[in-house]
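Chains as they are written, first to last, in UniProt numbering: chain A, 1 to 193; chain B, 1 to 193; chain C, 1 to 193; chain D, 1 to 193.
Calculated directly from the structure, the hints in this document are not laboratory data.
All of these numbers come straight from a predicted model, not from anything done at the bench.
Accuracy of the hints is not assured; some may be wrong.
[Stated by the list, open to error] With a Cα cut of at most 25 angstroms, we get these calculated PhoX-like pairs of lysine-lysine: (1) D:LYS17 / C:LYS17; (2) D:LYS171 / C:LYS124; (3) C:LYS11 / D:LYS171; (4) D:LYS11 / C:LYS17; (5) A:LYS17 / B:LYS11; (6) A:LYS17 / D:LYS41; (7) D:LYS171 / C:LYS17; (8) B:LYS17 / A:LYS41.
Protein chains: 4
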Amino acid sequence: MSLALELFARKGYHNTKVSDVVKSAGVSQGTFYWYFESKEKLAIQLIEDGKEKLNKVIEQGYRKHAGSVDDMVRSSARLLTDLFEFADQNRYLMALLLIKGQGADPLVRDAVSQTWLTFEEAFKNNVNRAIELQMLPSTIDLSLRVTILVSLITGVLTKWLFGPMHDVDYKSTYPPSEIAEETARFEFRGLMG
Amino acid sequence: MSLALELFARKGYHNTKVSDVVKSAGVSQGTFYWYFESKEKLAIQLIEDGKEKLNKVIEQGYRKHAGSVDDMVRSSARLLTDLFEFADQNRYLMALLLIKGQGADPLVRDAVSQTWLTFEEAFKNNVNRAIELQMLPSTIDLSLRVTILVSLITGVLTKWLFGPMHDVDYKSTYPPSEIAEETARFEFRGLMG
Amino acid sequence: MSLALELFARKGYHNTKVSDVVKSAGVSQGTFYWYFESKEKLAIQLIEDGKEKLNKVIEQGYRKHAGSVDDMVRSSARLLTDLFEFADQNRYLMALLLIKGQGADPLVRDAVSQTWLTFEEAFKNNVNRAIELQMLPSTIDLSLRVTILVSLITGVLTKWLFGPMHDVDYKSTYPPSEIAEETARFEFRGLMG
Amino acid sequence: MSLALELFARKGYHNTKVSDVVKSAGVSQGTFYWYFESKEKLAIQLIEDGKEKLNKVIEQGYRKHAGSVDDMVRSSARLLTDLFEFADQNRYLMALLLIKGQGADPLVRDAVSQTWLTFEEAFKNNVNRAIELQMLPSTIDLSLRVTILVSLITGVLTKWLFGPMHDVDYKSTYPPSEIAEETARFEFRGLMG
DNA sequence: AATGAATGAGAATTCATTCAT
DNA sequence: TATGAATGAATTCTCATTCAT
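Work the whole structure out from these sequences, hints included.
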């Protein structure tokens, strides 16, 4: 299955044939259909499994106590570092979620979109929590700012992971912590208004 | 051709069949091949035509004179407003460039990637210009910040245009100017460090 | 038309597209159909025109008077020299008749076959004439020997013109007269029994 | 596969559609591509398999010991009888090699040409052997005579198998042995100079 | 559980021919 | 006469899926 994930990530959904998947796994075509209902279902399952893992990372960073501004930037940076590290260790999953999934069939695309909806929801909760704890000013356009924030994070993540040419094997020169801190600074300043 | 663009944008490259394109245009299958070498070449041509138009928008916003900080935010907001308005009026093109292109065949993907490389280059020049004019502090990690900036812009653009579900017909509640201004503020604060 | 002949000879009937023919002639596709009913008819016409020319060559060599054995070999060699020279000057025609024509459509193939039937007939008449003039012994298996004779001639002609790889641009090291004389010797000895 | 060979022989390469082949075999179109990479590869494989079989026939006739002139004619006649019998039992193969193959695509044509190159080589070796054994005079133009000899054989073979109209179902009135003997006589006289 | 041969519904593309101008 | 855009039927090939073993 992780072999299939790599293939989807590298070649895209449509350019990954069932025959490619079984070849890489060293089994027969028929065997594939004993394990998976269809190619589409396999892709959806891969995405949903990935969604769970991704959510766990974000939930762990969920803000619990109030703190100073410094605390806030630091905890944001920590969460983003976790996220970037997770992403780096799950490149094929991220490639499917960030880049290749949208070229697939409707149900696969929906699974990808759901993943990012959940992701955004988690961030919204986190920002809301910061407002509750009065670490951030409450503004009317919170939703817009969170939108921008999530766009910033996925945008940076994509570029950091895959570079400008969307190469699955791209390796950024920046370590996760550095990109996370810089992004957190953008985030903080942006959210502070 | 713009009909094909819409189809690519809506259904993706692989799920848009040549038969769909000709049906929507009301011509025969053979006629398609009188005008286009292949489906792949058509997609590439659409992307390259779009790239030109997109570049024109950005070039017009190129910074010429020094100015105050306020000037800078305002001129950035103006450029972004132009960009968002262009994107809004060329939703199908942007869908292909931002979302659907990466699911296509290698040469099509390359054309998309080239478009964003050029895009990033233009922004880098613009920021460099601002540094020359001493509107921005020169920092070592300019490249990283521009990367983040471009990620921010494409991320916001994608979400504003197509919403969280990547729906081609999505309509944001924010007008171009507002999203542009808010993004410019993020940008400015981020770039100022 | 001679351009079409060359294309048929080089690429074969099916691999020569009407679009190739018109391109080489510098006219439009439509114009082709003003001059020729169809691609098939064009090929047939080319073959039938060639048949006429080929027949003229053989008819000129038709035996009129009795002569010595030496006369006979010499007149045979002369006929074959004429034939080989004609063939050399009409390589594209010969390629179509000897090699490429059989890959074409039924009616084209028939035209080719008819050409060789006529060719064989002419040789049969010539041998008959030699028997009448008592230059050759009358044998029961004349027909078989003429068959072998014609096979010999077309076989040698093909190889001499196009070499072992059937290359239209092949150039034999033997001049027409030499190959003709050698073939005539084979012929004479064969026919004499 | 032998069904495909028959179709190629009867209708020619281009007029034999993959759909014809699968229809005659009673399988689906997809099955064809399970067994063969492409129509072209199938034709090439058929030709190369045939080449092997044809070579075996000629190799068995390879001259080993010196003998009288009579021996030579007899052994030549025996080889040719074998060849004609083989050809008669492999009419479809011979039709492809002798007639239809040249109308096909370049790679198929090359496979056919290679077959005849090998064939000629084998005959050249055989004649050389006869010269070594001093059964034939050594002459300068051996190469020319072998060329003529091979032309004679393929020419006679073609006519004997398929008649003047190149009809795959043609049946000559001469038995293999008779045509072989007559051809051997032509051959012998020709080679003796 | 596993195989691998078989399927068949399309897919892109080709090309001889037609036709309005 | 000549054009070139348009046609559509035909063709090769693909590939997710099925099924007998």
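Results of checking the hints against the structure:
no., hint, verdict
1, D:LYS17 / C:LYS17, "holds, 18 angstroms"
2, D:LYS171 / C:LYS124, "holds, 21 angstroms"
3, C:LYS11 / D:LYS171, "violated, 32 angstroms"
4, D:LYS11 / C:LYS17, "holds, 19 angstroms"
5, A:LYS17 / B:LYS11, "holds, 19 angstroms"
6, A:LYS17 / D:LYS41, "holds, 23 angstroms"
7, D:LYS171 / C:LYS17, "violated, 35 angstroms"
8, B:LYS17 / A:LYS41, "holds, 23 angstroms"
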